[in-house]
Amino acid sequence: MNGDADGVTDAPAAASPRPRRPRPRPAGRAGGELLFRLADDEFVHAERLTEWQIYAPTLESDLALANIAQDEFGHARLWYDLLQELGYTEEECIWRRDPDDWTHATLVELAFADDGWGDAVVRTYLYDTAERLRLEALVDTSYAPLADRVGKALAEEDYHRDHAVSWLERLASDDDARARLQAAVDDLFPHALSLFAPGAHEDDIRANGFRRASLADMRAEWLDTVVPTLEGYGLVVPEPDDVERPAARGRDRTHTDDWGDLQAAFTATHREVDFDRPARLRGEEA
Amino acid sequence: MDIETVKERAGPRQFGPNDDMPEEYRKAATRMIQFHANSEVMGGYLDKEFTRHAPSLDRKLANTAKVQDEIGHAQLLYRAAETLGVKTRDEMLDELQNGEGKFLNCFHYPVDSWYEAPMIDFFVDGGAMRRQATLKSTSWTPYAHAMDKVCFEEGFHVKHGESILRELMRGSKATQERTQETFEEWWPRILQFFGPTNDQSTHNDFAMDVGLKTVTNDELRNSFLNMYVPKAEKYGLEIPESPRIFERDDGTMAVRESDLDWDEFWTIAKNDSDGSHEQIGSRARRQEAVAWVRDSLDNWEGSAAGTPQAAD
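Sequences listed follow chains A and B, in order. Taking the numbering used here, the leading residue of the first sequence gets 205, the next gets one more, and so forth. Taking the numbering used here, the leading residue of the second sequence gets 29, the next gets one more, and so forth.
If you're looking for bench data, these hints aren't it; they were derived computationally from the structure. Possibly wrong hints are sitting among the right ones.
What the hints assert, rightly or not - Covered by chain B, according to a simulated footprint, are these stretches of chain A (three or more residues, beta-carbon under 8 Å):
| id | segment |
| --- | --- |
| 1 | 304-312 |
| 2 | 341-350 |
| 3 | 466-473 |
Claimed, not checked - If you want the ones that stay clear, here's a sample from chain A, every Cβ over 12 Å from chain B, calculated:
| id | residue |
| --- | --- |
| 4 | 267 |
| 5 | 317 |
| 6 | 433 |
| 7 | 436 |
Just so you know, even glycine gets a beta-carbon here, dropped at the ideal spot from N, CA and C.
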């Protein structure tokens, strides 16, 4: 596939009628799956992280986490823009999309408790480590428009990982805070294990050279990184194979109740105002 | 320096941390800057609601950036306030959390809809712009420096708010009507943003005399009305009949202040309206929920491993 719009139509069910696009080639479906996984993760992760704006423990931590949330929204926009080049609209990608069509990992959709700063730290650590591996595996993708953008996203991930690690280090040095980190690991690790679960078109993604590394290899590398790191901070990480996994796996479009609530909340105004199209402000103010 | 000397020398960016300022000046400047910093924080409690509501990805990004700017402004302003040596930032944040800290009247009203976004981001921020532009000439130099950066960013916020208003007023009839209703609810609060007429303002005379303020409340409201009434009308909003707006002999605009509810304004000024309790309660609850993080940071910084730079 050369990146031309070749009509990916295993589109998420859109509530609004749209002109039919040509029947897709497998490469288009595979590219769509790859991009939606990237975009959905970033969008939903950012949507949750912005909940900490104004509520973070200090002004400095507020600014730092807001930076990360904005980077992730920016990455989501990169990937959704590419999907728009494939023929989707922003409404179809986000606003009018059936919540049961989203493919983000359940890790990023979970609601935060008011005191859940430890959750935010562990979640960003687990997520950003996976994100880095995932982007690195796309550096030499055969999909040229994607290759152009991976570098930008990757450049920002270093900061995200450093941010998460420095928070782990600080919180782990305090008994009470470490207990909270442990609780977050217990809650989040079972969800994080589905980060690398394959989707329906995984074989085509590989066959087309969109991603060189296999999900199984990436998952193994992710475990080799996060398990020793967390253990190094005195945290107990369960044996992956022994973990009781949540029913919802995210990648297969099954989600927790938290997702339904979140999706209903962030689409409410869009449904109500019913503008012709979502405002685009590139170069103006966004 | 005694007060008389301060009054004689008062002018734009006349005084700074190297000057030996009288306590009365330092306290008045602290009160003013702390109020401003608190308002940036508490404005964020409204604006953050709009991030979740934003009906496009670009709007969502613009909104999170705005909320982040507000925290950045608060950080700058608390630092400028600290240069007066009256209160530390922690003391000011504690006061905000326990209900002693004062902030703008408009931020005592909780919000829950996107229609309110332009009321805050266009009209309230537009009013704030009028005030902040004049504060670039305040006599306390660190405050004036903070205003340089704040005013630059506020310009983007007001454009963001204006763009939201324009879009809503080009929407369906129902959307336009909801926006008009919301405007009517907010309009009196926005007019009260500038405070009461000059002679009723407790701290006004002294602040003017020592150059902390350079323009009166009345002049600010007048300048706001001259600029924003035509803008509101341009986008199709109707200015409510009450409070009455009239044109003075010199062609400038003013509001019949007797048409505004000053009991409500003064209740808010005492942090005692229902909205005050809700907003300050939210601040207190959310800050309390993550007190454990601040405690662990204190432990970390007190330990051998911690370095002050690590505290972000």
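Legend entry - Numbered hints the structure breaks, given as an ascending list: 1, 2, 4, 5
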